[in-house]
Amino acid sequence: MSVDGAAAPSLHIHDASLTLGGRPLFSGLELAVPAGRFTALLGPSGVGKTSLLRLVAGLLTPEGESPVTVGDGQPVAGRIAWMGQQDLLLPWASALDNVMLGLRLRGQQHDDPAKARALALLEQVGLADRVSARPAALSGGQRQRVALARTLFEDRPIVLMDEPFSALDAVTRLRLGDMASRLLAGRTVMMVTHDPMEALRLADQVLVMSGSPACLTPPILPPGPAPRPPDGEALLRLQGALLTELAAGAPP
Amino acid sequence: MNRFVRGLITFAGLVLAWDLLVRLGELPHYILPGPDRVALRLWSDHALLAHHAGLTLVEIVLGLVLGTLLGSLAALVLAASRAARRWLLPVLLVSQAVPVFAIAPLLVLWLGYGMASKIAMATLIIFFPVAATFHDGLRRTEPGWLDLAQTMGASRWRTLWHLRVPAALPAFGAGLRVAAAVAPIGAVVGEWVGASAGLGYLMLHATARVQTDLTFAALLLLALMAVCLWLLVDAGLRRALPWLPDTHLKEE
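Chains as they are written, first to last, in this note's numbering: chain A, -5 to 246; chain B, 31 to 282.
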């Protein structure tokens, strides 16, 4: 299931501008997301992180030409998997059917290999015994694990995540972060989060977005391989520095 | 104590109150017959009543089926096409400004004294609640699901069929419940305006001939039919939408 480095391309955002409701969120924004690495985007709420991610996903129409290009020159469309703030599971479908939603929406075959792959993914996220459960019967953490399996089932080289674990309690979030870090290894990941510790634990590079119109700071590179333990001294120091920076950049 | 027993007790209480009102008020039986007289009439004229009730039931059920089909179709067309929304939605709203009862004589003129005019009447009455609620449900799809579908490369039609329609089924169910409750009105009003059979026709004639007990017997059958229809639709909807949370069920 792992993706080799050649398959996961880098993402480049060049001269991106976006105005929402008459307010310029950012203009002339530059961002490089290295191939096969995990990039976290931090920033105060309302700064435009999610809008930037939606722009990359093609969910927002850019002003003029699309500022997003992929390192290998191929188009972005069809190579992205999206994971949102909520689990976005369909309440009428079982966990298995939710994982295979993409097939249904594209009108592709629900053949046995596809089903076997979905079952294997559900096993990887620790839900082998809940494949036929509907979302209402699952806990918040379990639901988000189904959502992670659905994202992985799409098997896209680029994965965009918008505060994927923000609705979970601290311990569940820690475990899911580790799981996501392990299972997404090798893909080009861009994650928006408001939690400095989560960003520092999971990402290969952390970018802070602040100001209005927003700018990005030079990337912070947390030391050691991800997922990092939450009690590392270097990490805690970086977290403190990041929190101070975020507080200074946030509107009063 | 289950629902059925509670319903029976309520019914018995109402009959008792009715009996007391007639006895204590010393009302003449042609103004308000007692339950005993109505029960006797139900027994002695059961063949006549069954004949007329059967016709009315067929009108109601056919009207419900036709109205639901046409209403759902209208909602789907409105949801699928922007042009349809622009051109048809105003027509739909204006059509509701014309009271259906006011055109009942016209329907009888055009479609005759037979069943067709009553079925058309019931269909017209049922069409709007179904179309309006279903369309409303189709408009209110969770935006996150639509984002997800877009990143998964879903076509508009598959998104409509696999996401928006199932998500709108609870709203459709609410419309169908209302429709089941008002369906008998359509048929009976149609029969009042001009008919040679049916419970509405029977009630009109019985009242004119001061056979008030027969009127009440017909009314009772009509109410019974309406309640059974509603319970059937409700049970069918519960079975069809098992994933829908029902807070009332938990309270019981």
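No wet-lab data here; the hints were simulated from the structure.
Quick caveat: nothing in here was measured; it's all calculated off a predicted structure.
Hints may contain errors.
[Said to hold, decoys possible] Here are the computed distance ranges between Cβ atoms for each label pair:
#1 Q102/A <-> H81/B: 54 to 64 Å
#2 Q102/A <-> P272/B: 24 to 34 Å
#3 S206/A <-> V124/B: 42 to 52 Å
Note that the Cβ used here is the ideal one computed from N, Cα and C, for glycine as well.
**Study point:** Earlier hints that do not hold, by number
**Key:** none
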